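Those sequence lines, one after another, are chains A and B.
The opening residue of the first sequence carries number 48 in the numbering used here; numbering runs sequentially from there.
The opening residue of the second sequence carries number 75 in the numbering used here; numbering runs sequentially from there.
Everything labelled a hint here was simulated from the structure, so no lab data went into it.
Just so we're clear, the structure is a prediction, and the values are computed from it rather than from any experiment.
A virtual CB, placed ideally from N, CA and C, is assigned to each residue, including glycine.
Hints may be right or wrong, so weigh each one.
Stated by the list, open to error - One side only, chain B facing chain A, incomplete, derived with CB under 10 Å:
{"hint": "1", "residue": "Thr146"}
{"hint": "2", "residue": "Leu188"}
{"hint": "3", "residue": "Leu193"}
{"hint": "4", "residue": "Gln200"}
{"hint": "5", "residue": "Pro210"}
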Amino acid sequence: MSFPTLNPPPPTPQPGRETGLRKCATTGLDVCLAAQRFIKLNAVAAIVFLLFGGIAAILLALTRWQAVHLLRVDWFYRILTFHGLNMLIFWMLFFEIAILYFACTIPLKARLFSRKIAWLSFGMMLTGAIMTNVVIIQGKADVLMTSYLPLLAHPLFYLGIILVAVGTLIGVFNFFATLYVAKRDRTYEGSLPLVTYGATAAAIIAVVTLLHGAIVMIPTFAFSMGWISQPDPMWYRMIWWGLGHQSQQVNVCAMVSVWYLIGQLTTGSKPVNETVCRGAFVLYILFINLASAHHLLVDPGVGSSWKIWNTSYAMYLAVLASMIHGFTVPASVEMAMRAKGWGRGIFGWVGALPWRNPAFSAAALSLVIFGFVGGITGVTLGTQQINIIAHNTLRITGHFHSTVVGGTSLAFMGLAFYVVPLMFQRDFIWRKAARVQPWLFGGGILLVSLGMSFAGSLGVARRTYDIEHAGVYGPAAHLFLGIMGVGAIIAVVGLLLFVVLCVGTVFFGERHAKGEPMADWGVAKELPGAPGEAIFADHWAMKGTMVLTGVFLACFAVYYFANWKALADVWYVR
Amino acid sequence: MSISIPARDWFKPPEGAEKLWIGLALLWCFVLSLMMPYWHFRGKQNSRGEAYAVAPVAFMERTEAFVAANKTGERDGVPIVEPAPGGDAYLLARMWSWYPILKLRQGESYRIHLSSGDLQHGFSLQPLNMNFQVLPGYDHVLTLTPTSKGEFTIVCNEFCGIGHQHMIGKILVE
Ligand code: HEM
Ligand SMILES: [Cu+2]
Ligand SMILES: [Cu+2]
């Protein structure tokens, strides 16, 4: 792989259909044509669902912004159900299947195991998603994304979700089968590339997750059909969060893989230590399985020791993994920049980063928002006792809009700035607008997230149409909801811009001439007389990353202990 | 390179700054883990999840008996009920009300039984911002000691249908 530090390879004759592979003129990689088709299909479907979710998002935010209060009450809960599912489930899962198909074929020079299975997976997922959406919009499933029993939706709602889950499982099977065949046929020698390794970790967790989904959704579907009596609501919560929480670890794994990938594409970075990066992925697989616990921290029927054990044992080693990636990703980029000659001082390399490259800025913002806001709030709110002053308030919604939106969704958008031109072989339209897109979306979502978090700290509940009736929220709460609303407008403009850019490019982008690389977004430059690889001998050279992570740890500690202090001030409870 | 096959000898222990960071992060994770058992024994706020199985109908009956025995007043048609210090109190969540209004004394402990007559609800005490989940079929017992006086509002913070935002209750502390 020579991109981007060396010139593109000389144009080779295009092998074409017989082998099922083509040579990518930009990266020199062998692209499996079948995989390419399904990457395109799944990515396009994902972006359509993102659009649906985005339209819903602005309606919700402008309703919760009490000064605007846009929707009618029934439509608020309906659109909330719609937003949660289209964003968290459909946009994420379709895009992840696209990433999996990429990761198991192109870096390994392998061909996709089966087109038929890929069609089956795609067809089931699409049918399920459409079915669920239709039922929601018809008003037959105003139960929110979590559909907590005894709330009951129309059977087709559950059936739709089951179809999506099973369709995804089939896609994941195709991924594993492709890996197996590639290994057997020796399309590559040695260990899996890190991106594929990370994707494999995501896929393993996805299997466990989707099985939880099946375990909880099938009986609920049967109950909605009147075949069995009602499953226990606490049992439902426990298993549902085995799906709902663990799937977030799939998102995190996929996002981290995307960070490594974009780091390489835009700055030529490579892991400082492969063992550390891979080890961290293994920690995700091993220690996330019981993290559904931290959604049940103030629930009845599960005791303290169960709660404490499952949050700390299962969660903090996964937290460790995220903290490791939070170091190794910026460290690898910093080392690449220093190797290119940008070695002055602690932060001399930062200014020379390719900030105008939208993939890079998206990944960088994603890392910062995920780490500093999402990570710190997540661990704190998920602490057993601190959850008492956070559960079901907008603090929770604020937290996950900085992980799965500012983190994962933004990273996926960044990747699209390469995936779309490389897979469709067309260049982006409106390249200037593309360069600001990540800043709009990232900046907007940061405001959304902070607005929600602070409103939640003042006790404002999530999933609530109107807070006036309670009569306990003052001007500060309304101010923060207003900040959320303004942030939402900015973020949704960024989201719509992203959709327009992608769709416009697919239809109207200029085609690459045969053998021509994609238009360059701009990558990190090398100075004359750069030290190159030699820099890697110094294991303390990543000074900027050390400072950054030090600041991070300090912020973390301050926020964490401030929350214990806040907890100590409320009534005593046992 | 993260997208290409790593060199054969990729297996190396961490060194230098990376090793330091892993050590620090691990240490921090220990602090995170130990804080919870520490607070369990030393802290005053814990969610132990104490709960007993109860049919919704049975819970409603217990609540009615509790109200009949301890009622001291009424506000807007909702009884105000004063449990004995150290005693049991019942709070029934239903679409879309909290029943009854509880009147407590600062510094006294009460065993508050929380349950639902229908869907899941969320007990969210404002402006303190203390939150607990309420499930039908589960008698969720909180041993609660008010440490401040005044009128407190219970907001429902689990979606429970179209009237969810109107589900408001009161706890009075003297
Ligand atoms: C333009 C960006 C977005 C904005 C402005 C936005 C805004 C909102 C708002 C206002 C709520 C309702 C909060 C409440 O009343 O409880 C919400 C809920 C939610 N959002 Fe977003 N959102 C955005 C993007 C996303 C994305 C990309 C995802 C997932 C990948 C996502 C996942 C969710 C989920 C899971 C919920 C909770 C639904 C529930 O409580 O059932 N959002 N969002
Ligand atoms: Cu309620
Ligand atoms: Cu409610």
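(request) Compare the structure with the hints numbered earlier in the document and write down the numbers of the violated ones, lowest to highest. (result) Hint 1 is the one this structure does not satisfy, whereas the remaining hints hold.
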